[in-house]
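Novice: What follows is each chain in one-letter form.
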Amino acid sequence: MNIPVDWTVAGPATIVMAGALVGLLVDAFFTRRTWLGSGLPATIALVAAGAELVRADSAPYPFAFSLVIVLGSLFVVVASNVMNFENAMPPGEYHFLLLGASAGALLMVAATDLVTLVVALELLSLPSIALVGLRQGDERAIRSAWTFFLASVVSTAITLMGISLLYGVTGSLDYVVVRDALADPDVPDSVVAVAVVLTVVGLLFKLGAVPFHVWIPDTYGGASVMVAGFLSAVSKAAALGALLAVLAVALPEARESWQPVVAVVAAATMTIGNVGALRQGDAIGLFAWSSIAQAGFLLAPAVAIFTVDGLTAPVQYIAVYALANLVAFAALAVVLRLRGSTRLEDLRGMARDDPWMGVPLVFAALTLAGFPPAVIGLVTKYVVIRPVVDADHIWLAVVMGVNVMIGLAYYLRLVVTLCDRPDGEQYHSPSPPVSVRIAKSTVLLGTAALLALSAWPDLLLSHLP
Amino acid sequence: MIVAALLVPFVVGFVLIVGRAHVPGRTAAWLGATAMTASLVLYALVWEGAEGVSGEIDESWIEPLGARLHLGVTLVSWPFVLMTAFIGLLCCLWLLADDTPPALVGLVLVVSASSLGVFSSLDVLLLFVFFELALIPMWFVIALWGASDDSSHGGADPGLGPRNGARSAATKFLLFTVSGSALLLVGIVVAALEGGTLELFELRPTATALVLIVLGFAVKTPIVPLHTWLPDAHSSAPTVGSVLLAAVFLKLGTYGLLVFVGPSDHIDVVGPYLAIAGAFGIVWSALACYAQDDLKRLVAYSSIGHMGFVVLAISTGTNAGVAAAVFGSVAHGLVTGLLFFTAGSMKDRFGTTSMSAIGRGLYGRAPWLAATFVLAAVASLGLPGLAGFWGELLSLRAAYEVGDVLTKPVAWTALGLALLGVALTTAYFVRAIRLVAQGEPVAHDADRDLGRREVVVLGALVAAVVVLGLAPQLLLDLFDTTYGSYAR
Chain X
1 MNIPVDWTVA GPATIVMAGA LVGLLVDAFF TRRTWLGSGL PATIALVAAG
51 AELVRADSAP YPFAFSLVIV LGSLFVVVAS NVMNFENAMP PGEYHFLLLG
101 ASAGALLMVA ATDLVTLVVA LELLSLPSIA LVGLRQGDER AIRSAWTFFL
151 ASVVSTAITL MGISLLYGVT GSLDYVVVRD ALADPDVPDS VVAVAVVLTV
201 VGLLFKLGAV PFHVWIPDTY GGASVMVAGF LSAVSKAAAL GALLAVLAVA
251 LPEARESWQP VVAVVAAATM TIGNVGALRQ GDAIGLFAWS SIAQAGFLLA
301 PAVAIFTVDG LTAPVQYIAV YALANLVAFA ALAVVLRLRG STRLEDLRGM
351 ARDDPWMGVP LVFAALTLAG FPPAVIGLVT KYVVIRPVVD ADHIWLAVVM
401 GVNVMIGLAY YLRLVVTLCD RPDGEQYHSP SPPVSVRIAK STVLLGTAAL
451 LALSAWPDLL LSHLP
Chain L
1 MIVAALLVPF VVGFVLIVGR AHVPGRTAAW LGATAMTASL VLYALVWEGA
51 EGVSGEIDES WIEPLGARLH LGVTLVSWPF VLMTAFIGLL CCLWLLADDT
101 PPALVGLVLV VSASSLGVFS SLDVLLLFVF FELALIPMWF VIALWGASDD
151 SSHGGADPGL GPRNGARSAA TKFLLFTVSG SALLLVGIVV AALEGGTLEL
201 FELRPTATAL VLIVLGFAVK TPIVPLHTWL PDAHSSAPTV GSVLLAAVFL
251 KLGTYGLLVF VGPSDHIDVV GPYLAIAGAF GIVWSALACY AQDDLKRLVA
301 YSSIGHMGFV VLAISTGTNA GVAAAVFGSV AHGLVTGLLF FTAGSMKDRF
351 GTTSMSAIGR GLYGRAPWLA ATFVLAAVAS LGLPGLAGFW GELLSLRAAY
401 EVGDVLTKPV AWTALGLALL GVALTTAYFV RAIRLVAQGE PVAHDADRDL
451 GRREVVVLGA LVAAVVVLGL APQLLLDLFD TTYGSYAR
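Respectively, the protein sequence lines represent chains X and L.
Each residue of the first sequence is one higher than the last, beginning at 1 in my numbering.
Each residue of the second sequence is one higher than the last, beginning at 1 in my numbering.
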């Protein structure tokens, strides 16, 4: 049997997977289990995958999502140096699982048929679950991994159900063939509606959309901070990319079935996520809930997928969102390592007494809130609202506006806490080991990128499709 | 030139905030005053005449969205710009003291510069960026340097110590404004999509967009019933914060209404509501003022009334209305700035602005301070010959002439309410004057007359108020010779 492989699609994922295996082997045979031993091959593999991605010159939307995934994973790998010398965290396994998950993410956005999609979804999910529970002897992590596992399995099962119904109706699993088959007026509408909604459910789960959001705060809270960052940025980008591809390529004919669902889910997601975030007293919990709300903003332009900006807007939004979120999580990882807490009252005055970590966190929060001086955050908010208005969903646009406001309420609470006058004695940041410095440098690089984009938003908006 | 006029205060402000540990307070204030003077001079020089746009700068910015870095001043924005730079300069001079925190000067500069940016933006997205940029610095001005001796609205977060009142007032201000601007953002998106442009003067919002935009600016202006953030924020802020809030921040709202609603084709959708809400605000705020003991709260409520006149003028959609709105806004900036500065002087002396605690007979105890306060108060209630009079008179006239937007019953109802408001305004300011300035002097340890710094700041404002009051044609001639000669 000869299975045709499109290497422009599979190339980057294969390189990443190979890097994962090399990292695991190096770690197995190199007796001093240092973070660098497996981290270096992982870094090289991701850089090579990025180069291959640029060289292969694939279709614009999968390319943009893949780029976000590769750069996001690279950021996570480098920032994960913060966990060096933490005995509970085995570096070889960590990098292997991380790269496995990113390979899954890469395949997911490049998939053009539903079976590849499900396989990639599993390749992304299973290592992610293991990553969450990887910290040895941490009961909370195990509990979080269990929650994640159960929710993941159920949603995948539902998606499989939907896909099998779709296969039954259309006789194919290829996106393009499914689309053509659905155009036939003879297909029964009710079955198609059920099939479409079920198929979308699994992807909405990965995206963390309401009502499949409950696993997120629990999982992010239990996982290592950088793993939470990975889930919030890379995993979300993959789910969004795959969802948009399915909706735009395979299911345009069934838009009456999914458009209202997507609109309502987007509105509910951003509202519930924001309301949840309002009550958080811990910075990680705050960012976990805020990432649910952001998923709503990512999803909303999907109702306008057939307008000019319907696909461009979520791509640009996720690029900025992923960068800002990774900066925030990396900064929190460093803070957790050095201060031992990420509770808001322990972070008071951080922008004053530890400006190299406090100011990036402030800037990331402002970007996510869409508030100047982080102009790029504001511009991307504008970008996602635009197609929604264009598709005449004014009510959804108003809900988005209200949610921008609620979002500001808690992001600004974080910002003013960080900028407040510190109480108690002056905090002196200790001189950290080199590995923590490497993690810090990623935070600073990410912030520099956000600053550059704020000064010149064209840099991003003209170059992503 | 406009770029320089904006960059100088921004850069100096930023440097002062970052280097706050290394600059003495007095030097910082001098630096700030120099920066604002430079900005004021540059803006004054940039004027090229009432026709078209002066000092225009048009660079590409975000190509895919069609947003441009488009700056310039027009007939409508130039008076606002000059007033803002002037008030910013006076705020810096007010801070000339050894114990001034340099960061406060820096924040004042950033707030002023952002407001200048709003007034000089000819691109809507750029305008919105500047509009938001001023908010967080203002939160810090109120929350960190504000003082609230009024415990009735504190206690939201018991862990925060004695600044509770100021902090919750600042947060209330921020949340109200931000919810307004969220609606504004959606409104701008709707307008930009349907008009196909982000240019301020080519944008013609549809009815839906206009309603959203008006709601957004209504919070800022504020229009009753969206005004509840204002008294707390104004009374909790430090003196310069109150001045900036009243003289500059409220103008962001009226300026927005002027440029978005005035030229709109759908003004008849919002016009009647604006007229009635504005007129109702005049009466409502006057009644609220009558119950105030705190001088700063009284001035804050009186601002709502003045903004009511401006909103009423805008809602008529006539040329006279535009002139009245611009004049009313500028006059309110100067007069209310003066009132808040005198209130600040009293706070510096007596530690409070409660009229009963200050005691009576200020004429006898600090004659110049009392005289300035009384002058500001009568200017605020609209005494002919002072700046406050012309704005109110022109608004009333615009309402009387009805215009094309309002119907006669609506316009004249609003007119009647506004006239009632004028009478009530006179009543409460006379009450305030009687309580503070007149009567048998009750000596207080802290009695002393104006210092040199206060003379300069208050004197400059008094001069401006008198000049604009005696020669309103300076400003009105810009608009239409008819109204200029009428005022003469």
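These aren't lab readings, by the way, just hints derived from the structure by calculation.
Don't be surprised by glycine CBs; every beta carbon is placed ideally from N, CA and C.
One or more hints might be untrue.
Now the stretches of chain X that chain L is said to cover, found in silico as 3 or more residues with beta-carbon under 8 Å [stated by the list, open to error]:
(1) 183 to 195
(2) 239 to 253
(3) 378 to 388
(4) 392 to 398
(5) 404 to 410
Novice: Confirm or reject each hint.
Specialist: Here is how each hint holds up against the structure:
no., hint, in the structure
1, 183 to 195, "violated (count 0)"
2, 239 to 253, "violated (count 0)"
3, 378 to 388, "holds (count 7)"
4, 392 to 398, "holds (count 3)"
5, 404 to 410, "holds (count 4)"
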